[in-house]
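Enquirer: Line by line, the protein sequences give chains D and Y. For the first sequence, full-length UniProt numbering puts the final residue at 509, and the numbers step up evenly by one. For the second sequence, full-length UniProt numbering puts the final residue at 83, and the numbers step up evenly by one.
The set of hints was computed from the structure by calculation and includes no laboratory data. Don't take every hint at face value.
[Stated by the list, open to error] With a cut-off of at most 35 Å between alpha-carbon atoms, the simulated DSBU-like pairs for lysine-lysine come out as follows:
#1 D:Lys383 / Y:Lys42
#2 D:Lys232 / Y:Lys42
#3 Y:Lys78 / D:Lys489
#4 D:Lys291 / Y:Lys78
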Amino acid sequence: MLHQENLTIIGTRALYERISGEMAKTPRSTVFSAQEERVSHEGLIAMAALIRNRLPCPDPTAEETVAICAEKTPDCLAAILAVLSTGRAYAPLDPTHPDARLTGILADLRPAALVVDETTGPRLRDWAQAADVPLLQLSRAAPDAVAPHAPIAVSQQSLAAVLHTSGSTGKPKRVEIEASALHVFQEWVVDELGLCVDDCLLSHAPFAFDLSFLDIYAALMSGAGLALADAKTARSGAKLMAMMQRARVTIWHSAPSALKLIAESAGDTILPDLRCVLFAGEPMPARTLQKLFRIFPKARFLNIYGCTETNDTFCYEVPRQNTPDPLPLGRALPYVDYVLADADGAEIAGPGEGELWVRCPTMMRGYADPALTARATVWHQGKLYYRSGDQVRRDATGLVHFIGRNDTIVKLTGIRVDLNEVDAALLAHPGVDEALSFVTPSADGLALNAWVTTQHDLSSLDLRLHLTQRLPLAAIPRHYTISRMEVPKNSNGKACRRQMAQNGQSTLV
Amino acid sequence: MSYPALRSFISAEFAIDVPAHQLTDDLDLIDTGIVDSLGVLKLIAFLEGEYDLVITPDELDADLYRSISQIEALISSKQMAAA
Chain D
1 MLHQENLTII
11 GTRALYERIS
21 GEMAKTPRST
31 VFSAQEERVS
41 HEGLIAMAAL
51 IRNRLPCPDP
61 TAEETVAICA
71 EKTPDCLAAI
81 LAVLSTGRAY
91 APLDPTHPDA
101 RLTGILADLR
111 PAALVVDETT
121 GPRLRDWAQA
131 ADVPLLQLSR
141 AAPDAVAPHA
151 PIAVSQQSLA
161 AVLHTSGSTG
171 KPKRVEIEAS
181 ALHVFQEWVV
191 DELGLCVDDC
201 LLSHAPFAFD
211 LSFLDIYAAL
221 MSGAGLALAD
231 AKTARSGAKL
241 MAMMQRARVT
251 IWHSAPSALK
261 LIAESAGDTI
271 LPDLRCVLFA
281 GEPMPARTLQ
291 KLFRIFPKAR
301 FLNIYGCTET
311 NDTFCYEVPR
321 QNTPDPLPLG
331 RALPYVDYVL
341 ADADGAEIAG
351 PGEGELWVRC
361 PTMMRGYADP
371 ALTARATVWH
381 QGKLYYRSGD
391 QVRRDATGLV
401 HFIGRNDTIV
411 KLTGIRVDLN
421 EVDAALLAHP
431 GVDEALSFVT
441 PSADGLALNA
451 WVTTQHDLSS
461 LDLRLHLTQR
471 LPLAAIPRHY
481 TISRMEVPKN
491 SNGKACRRQM
501 AQNGQSTLV
Chain Y
1 MSYPALRSFI
11 SAEFAIDVPA
21 HQLTDDLDLI
31 DTGIVDSLGV
41 LKLIAFLEGE
51 YDLVITPDEL
61 DADLYRSISQ
71 IEALISSKQM
81 AAA
């Protein structure tokens, strides 16, 4: 357990009480859906109460999780609040992921209940029935009058959220996050941005991603409006522009790839209401940034660095003049303690290059698998740090710059992809003998490629159709080399991703 | 109506090794990752140039370009409206 000593520990139910207490002070603040619906904070709390009454009673002696797999709507947000109100953790699952991936996660998680909507319900009903997990379908039509549990039992646990990220064995890693981590994080966000009832925050990331913590908790606790981009809106520049104008958005938060869509589709439109643009998850192309400066003439731009395991840890305020390229990660957030470690694990003082280790109250409690937690963390001077796996450089002014990853993890359109997982999914195809995925630079950032050795007549489409059953869209290679020849190896007989990345491009189809 | 240049463009730009018979009219180009969000913009530039169409900002939506049959229907309706 990665507990921090200097932190007020609050339970999940207490977190809910703080959120709903703040929301009660701003009853008219609005949540906007992509379907042009508006729900007030007051309405959202009422919706959450109805959903809570349909959830099974918590077992106060157990640590429980309720899985939520639904489109990003105000109802889904109300379901999150409903789960927190029972003191349990919510596990948001991305409805755009393939069925097999979702049921694999669910089988491992064994939730106390599964919340679905009209689309995901039919996809997951069979699994829920077989596993004997209560299925609760969100529905606007029938707020069926279920009598409230009397009195409502409340779980005493402090686990508040469970996320899943790409894992190297082909099995997603389960990241466990406590209520205190969410609370500390939203306090920083509200303070740094000076969020208030006059603001409206555009939430781009699915609820299944850690980026959504900023959107949900900072907006609800500050009384700011919240515009929820659903999956369809999130991939359309035009729909996002329309949503920004409709909801009078003042704060934008997403991965750079979504801002590229805005830069491409804004035309001559200028949005002077935007006062802050936050982006995280991957490098921002300089060309896109220049376009964004013009579209958002009055906005501050913040480059945010973090990961699912620690949440945000570094921040860089991007200057409009003499903008560096690539952008630095910036400086550690006030709640972050970090170490720059050399290859032997010794701390580097002053400027230098090394692996970034971070320690913060927003850090996960751990992975569900303690062996994974042990590998991802390191003791240093009596304190436990998370090993980011990122190589960074600290310059003479103390700014930290990103150099590269130590391992096989890459960020594609802001989504973390473990290349070993892509390889494992390709190898699951019966016709594939060997597979190696690798990234190459492209006009839009990084492109994912795969070399596949097969003795059969496979096309890239056969492989794509196979992968869409197993992997999220971001993890599906864009280019394939399909060959009867073995994957190129280095002198030790190991498949060499780096070499492929350097030489591979010319042979790609 | 059929638009052979459209199929050739998609094949050449996004799926060069895929045999023509596999690139079916109803194949979901978005879910299979053949065309991504930025790919849609390339596709639109092609449609505007090749078929002399004007794609309006609210038509910059990946969901309108999911399959060859859907794109063909869009071209037809635009050409019909212009005629």
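Enquirer: Taken at face value, is the distance from the CA of Lys42 (chain Y) to the CA of Lys232 (chain D) at most 35 Å?
Expert: holds, 19 Å
Enquirer: Is Lys383 (chain D) within 35 Å of Lys42 (chain Y), Cα to Cα?
Expert: violated, 51 Å
Enquirer: Taken at face value, is the distance from the CA of Lys489 (chain D) to the CA of Lys78 (chain Y) at most 35 Å?
Expert: Distance ~52 Å between Lys78 (chain Y) and Lys489 (chain D) Cα, so the pair is violated.
Enquirer: Take the C-alpha atoms of Lys291 (chain D) and Lys78 (chain Y), compute the straight-line distance between them, and say whether it is at most 35 Å.
Expert: holds, 30 Å
Violated hints, listed in ascending order, are 1, 3; each of the other numbered hints is respected by the structure.
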